[in-house]
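Colleague: Spelled out from the first residue to the last, the chains are:
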Amino acid sequence: MFDPSAASNAIIDVGATLLIIAAVVGAVEGLLYLVLVRWLKARLAVPIMLLAPAVLGLLALNLYPLLWELNVSFTKMGLRNFFDPGFLGLTAKRNIFVGLENYVNVFTQPILQEAGFFQLFGQTVIWTATNVILHVTFGMGLALCLNRPLRGRGLYRALIILPWAIPAFISLQIWRTEYNQQFGAVNQLLGLIGIAPIPWLSDSFWNFVAMILANVWLGVPFMMVIILGGLQSISAEYYEAAAMDGASSWQAFRSITLPLLRPVLTPAIILGTVWTFNNINVSFFINQNELETSDILVTGLFRAAFQYSRYGFAAAFAFVIFAMLLVFTVFYIRRTRALRGAYE
Amino acid sequence: MSGQTVVPGAQIQQLKGAKSTAAQATGGRRERPWKRAGIHAILIVATVIAVFPVIRVLGVALRPGDRLLDPEFELIPKGATLDAFHHVLFETPLVQWLFNSLLITVGTSVIGVIIAATSAYAFSRYKFPGRGVGLTALLVTQLIPAAMLLVPIYILAVQLDLISTYRGLVVAYSVTSVPFSIWILKGYYDTIPIDLEEAARIDGCSQLEAFWRVLLPLSTPALSIVFLFNFLAAWSEYFAASILVGSREDLLTWTLGLQRFQAQFQTQWADLSAASIIISIPVVALFLFSSKYLISGITLGGVKG
Chain A
1 MFDPSAASNA
11 IIDVGATLLI
21 IAAVVGAVEG
31 LLYLVLVRWL
41 KARLAVPIML
51 LAPAVLGLLA
61 LNLYPLLWEL
71 NVSFTKMGLR
81 NFFDPGFLGL
91 TAKRNIFVGL
101 ENYVNVFTQP
111 ILQEAGFFQL
121 FGQTVIWTAT
131 NVILHVTFGM
141 GLALCLNRPL
151 RGRGLYRALI
161 ILPWAIPAFI
171 SLQIWRTEYN
181 QQFGAVNQLL
191 GLIGIAPIPW
201 LSDSFWNFVA
211 MILANVWLGV
221 PFMMVIILGG
231 LQSISAEYYE
241 AAAMDGASSW
251 QAFRSITLPL
261 LRPVLTPAII
271 LGTVWTFNNI
281 NVSFFINQNE
291 LETSDILVTG
301 LFRAAFQYSR
311 YGFAAAFAFV
321 IFAMLLVFTV
331 FYIRRTRALR
341 GAYE
Chain B
1 MSGQTVVPGA
11 QIQQLKGAKS
21 TAAQATGGRR
31 ERPWKRAGIH
41 AILIVATVIA
51 VFPVIRVLGV
61 ALRPGDRLLD
71 PEFELIPKGA
81 TLDAFHHVLF
91 ETPLVQWLFN
101 SLLITVGTSV
111 IGVIIAATSA
121 YAFSRYKFPG
131 RGVGLTALLV
141 TQLIPAAMLL
151 VPIYILAVQL
161 DLISTYRGLV
171 VAYSVTSVPF
181 SIWILKGYYD
191 TIPIDLEEAA
201 RIDGCSQLEA
211 FWRVLLPLST
221 PALSIVFLFN
231 FLAAWSEYFA
241 ASILVGSRED
251 LLTWTLGLQR
261 FQAQFQTQWA
271 DLSAASIIIS
281 IPVVALFLFS
291 SKYLISGITL
301 GGVKG
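The listed protein sequences correspond, in order, to chains A and B. Take the first sequence: its letter number 328 is residue 328 in my numbering, and every next letter is one higher. Take the second sequence: its letter number 235 is residue 235 in my numbering, and every next letter is one higher.
Calculated from the structure, these hints are not laboratory results. Bear in mind the structure is a predicted one, so any value in this text is a computation, not a measurement. Yeah, the Cβ is synthetic: ideal placement off N, Cα and C, and Gly gets one too. Incorrect hints may appear among the rest.
Claimed, not checked - Derived, one-sided and incomplete: chain B residues facing chain A with beta-carbon distance under 7 angstroms:
no.: 1; residue: I42
no.: 2; residue: V45
no.: 3; residue: V48
no.: 4; residue: P53
no.: 5; residue: I55
no.: 6; residue: S124
no.: 7; residue: Y126
no.: 8; residue: L149
no.: 9; residue: V151
no.: 10; residue: V175
no.: 11; residue: G204
no.: 12; residue: I281
no.: 13; residue: A285
no.: 14; residue: F287
no.: 15; residue: S290
no.: 16; residue: L294
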């Protein structure tokens, strides 16, 4: 079924938006040109004009929402108090300012009906650490296998990348189906080696394991590609010299591959950690909003906002999560000095 | 002069990289046959694991209607039929959803790449106050949990009357991947010697011409990868689409449509599988198309040329 009138509406809608974006960017650039180039003759006119569209977009879609959330996190905005919170809830039509109460409640009261902060936090740490370690280990193993003359190398690479290429929305639905206790492939395969069916979708522990298995499957290809890129930038001369000195391949890996891979590996690990920590897809689509007890922090956040509609509380919770991630990232980047090249 | 006559520095590196891999890790020695066999075995196991769910879905999609819950593993099931493909293509709005998604995704990816390519140029080639802070701020945006932005963006969209149209969604998708794209592109621009642009300027190009005719053509690998990332992010996005256009049947994207499909026909596994395969084709094709750039295009970290 294809409705041409709906399609033309869609084209007009999207086309008009693209034109509006172009017009706004054009107007801003024109204004900047007049002010910076013609009037002020500013030295930095060109970079400012180059950055303007991105800055505008990020202010509207990242900074504004963050400030809004910060503002709301001091109020008891929710379904019962669903109106414009004004400044900190003080200037709203009814005073809904609660001070730091939401932030205290994040740690002291249950976040969901069946789960509190520390359970979700513990699960998130296990979830993130397990995934990142397995992504890097398997990604490294496969990259080392593929970084050598080998028949069928291109074919292997293309097929192993497939889990990354298929939309996660689809592959997670597939995984959910395969986790079905009765008909799913996972239990049938386990049955072949005599393991009793596992309740992947109804037991919170096994559900959590199921999430991790699915995400390992999803995430290894990305890590493999990044590491493969890093391996290819290491000159073969190092290995030749090591071989002449009689180094074993394990020694060569320890003292050539790993250190030279660090500039690539460290940012990849930071990125992988952040993405895994914030990954709402896997938990949301494998679990399909059924078991609160196998949630991680970001799925808990989604529930707090959209299922329980506690907007003020969810905003405070979001800032706690954001702050933890920020502290971890800053600490890790400082420790490893991972990005020093980028700032030069 | 034009960009084509210059020997691209990044590509020389690529060639060197490709050649050196051949001898790498073996240190020039020939490998023993058992080791070679072991490596093939590892790669075959990994390939089977990576491909298995896809094969399963294909098998289910081809099954005739009466054998859907058959617990057998067959590559091509007995009595295989394309009925499910015919059904989802011609008797459900799947094509409509795909059309909507493709329209939004291509439009926003093009905008996202343009915005990122110009900003990354500023970060790579200019020193200006706030440059370091800006790069850090871009990194910090990657730490924001998606669920944190959904409520304010929804409220903002309601206030600006952007619900139930694509306007809000298009703006949101255009910006989503910009920070990550800027980092990738900036890293790649940094590996291209500035001498090439300077030479072009001596030959009479303006600064923007040098960017357009020298730097951009040399950055094709990174630009392709960034387009791919933008495309992937918008193509399979679910949450923002659900809050912004989820209430309009004719505006559904495929993620929303498929979700309804699933709720309506809980047991129509063949239809769902057929739809999944059709939906995956554009992205997998894009992946294969850009696969030659996939490894050289991502320069994470401070790799300098």
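Colleague: Confirm or reject each hint.
Modeller: How the hints compare with the structure:
The restraint placing I42/B at the interface with chain A holds, with a minimum CB-CB distance near 6 angstroms, inside the 7 angstroms limit. Checking V45/B against chain A: minimum C-beta separation of about 10 angstroms lies over 7 angstroms; hint violated. A cut of 7 angstroms between beta carbons decides the hint on V48/B: the least distance to chain A is about 9 angstroms, and the hint is violated. Restraint check, P53/B versus chain A: the minimum CB separation of about 5 angstroms is within 7 angstroms; hint holds.
With a least beta-carbon distance of about 10 angstroms to chain A, the hint placing I55/B at the interface is violated under the 7 angstroms criterion. Interface hint at S124/B: violated, since its Cβ lies 10 angstroms from the closest Cβ of chain A, which is beyond the 7 angstroms cut-off. Because the smallest distance between the Cβ of Y126/B and any Cβ of chain A comes to about 4 angstroms, under 7 angstroms, the interface hint for this residue holds. Hint on L149/B holds. Least Cβ distance to chain A is approximately 5 angstroms, under the 7 angstroms limit.
For the restraint placing V151/B at the interface with chain A, the shortest Cβ-Cβ distance is roughly 5 angstroms, inside the 7 angstroms limit, so the hint holds. Hint status for V175/B: holds, given a least beta-carbon distance of 4 angstroms to chain A, under 7 angstroms. This hint is violated: G204/B has a C-beta 18 angstroms from the nearest C-beta of chain A, more than the 7 angstroms allowed. The closest approach between the C-beta of I281/B and any C-beta of chain A is roughly 10 angstroms, which is over the 7 angstroms cut-off, so the hint fails.
Hint on A285/B is violated. Least Cβ distance to chain A is approximately 9 angstroms, over the 7 angstroms limit. A least Cβ separation of about 4 angstroms between F287/B and chain A falls short of the 7 angstroms threshold, and the interface hint therefore holds. Given the 7 angstroms rule on beta carbons, the hint for S290/B is violated: about 10 angstroms separates it from the nearest Cβ of chain A. Of the supplied interface hints, the one on L294/B holds, with its beta-carbon coming within about 6 angstroms of a beta-carbon of chain A, less than 7 angstroms.
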